[in-house]
Amino acid sequence: MTGGTSREVKVVSAEDIERAQGDLIGRSTDEQKKAVAATFSNNEKVIDSSFTITRAAAVSTPAVNAEAADGKAVLTIETIYTMYAIPKVDLDVFLTKSIEEQLIGDTQRVYDNGSKNVGLSNFQKEGENLTASLTAIGRIGPKVDEAALKERAKGQIFGEVQASLEAIDGIKEVDVKFSYFWVRTVPNDVNKIDIEFKVENE
Numbered sequence: 001m002t003g004g005t006s007r008e009v010k011v012v013s014a015e016d017i018e019r020a021q022g023d024l025i026g027r028s029t030d031e032q033k034k035a036v037a038a039t040f041s042n043n044e045k046v047i048d049s050s051f052t053i054t055r056a057a058a059v060s061t062p063a064v065n066a067e068a069a070d071g072k073a074v075l076t077i078e079t080i081y082t083m084y085a086i087p088k089v090d091l092d093v094f095l096t097k098s099i100e101e102q103l104i105g106d107t108q109r110v111y112d113n114g115s116k117n118v119g120l121s122n123f124q125k126e127g128e129n130l131t132a133s134l135t136a137i138g139r140i141g142p143k144v145d146e147a148a149l150k151e152r153a154k155g156q157i158f159g160e161v162q163a164s165l166e167a168i169d170g171i172k173e174v175d176v177k178f179s180y181f182w183v184r185t186v187p188n189d190v191n192k193i194d195i196e197f198k199v200e201n202e
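Reminder that position 178 of the sequence shown reads as 178 in our numbering, one-by-one numbering, no gaps.
Any given hint might turn out to be false.
[Unchecked claim] With a straight-line Cα cutoff of 27 Å, these simulated DSS-like cross-link-like pairs (lysine-lysine) come out:
hint: 1; residue 1: K97; residue 2: K143
hint: 2; residue 1: K88; residue 2: K34
hint: 3; residue 1: K97; residue 2: K116
hint: 4; residue 1: K198; residue 2: K150
hint: 5; residue 1: K88; residue 2: K45
hint: 6; residue 1: K177; residue 2: K150
hint: 7; residue 1: K198; residue 2: K116
hint: 8; residue 1: K116; residue 2: K172
hint: 9; residue 1: K192; residue 2: K177
hint: 10; residue 1: K116; residue 2: K33
hint: 11; residue 1: K198; residue 2: K172
hint: 12; residue 1: K33; residue 2: K125
hint: 13; residue 1: K198; residue 2: K143
hint: 14; residue 1: K33; residue 2: K88
hint: 15; residue 1: K34; residue 2: K125
hint: 16; residue 1: K125; residue 2: K45
hint: 17; residue 1: K198; residue 2: K154
hint: 18; residue 1: K88; residue 2: K198
hint: 19; residue 1: K143; residue 2: K177
hint: 20; residue 1: K198; residue 2: K45
No wet-lab data here; the hints were simulated from the structure.
Produce the entire structure from the sequences given, and follow the hints as far as they go.
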């Protein structure tokens, strides 16, 4: 027999799709995670552990067992990246309230609710319920009347101010700074006295 034509063609196999799918899914998603996190504003605290990936079924073009005209095929997997965040104002209110519930009577106040370095982890979503573990270090101290401190310190010399204020429960150390090196006495005008509170080991 003579005549006729013959040609070899390349078709997409199920093995090709499976191999390509494994390659796509195995790639790092760090860049996508950073991109999603960047969509939030500075007024929100991102929950890093809430990052999730949802993939649709793989779609091959051409389809399995179909001819790949140029010997190549394209595999597409529609992917959705999700991440959650908490408004910092809500976080601030929650932390302050949580610490205030632990204060002893009316003698203490919150100096730092820990919101600046709060940690959020172990994110879980069950239906419409979202939960996460929160870690924060707040700082409380004595409830000191600033106006009363100024009245107490006015007209005193360095050592007297230290002794007087360090006698107050909760105040560990007092440092006095004068405007000029030759001044040794606190002004008698309370409007010229500034008081700055610092939390120990802050």
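*Violations among the numbered hints*: none
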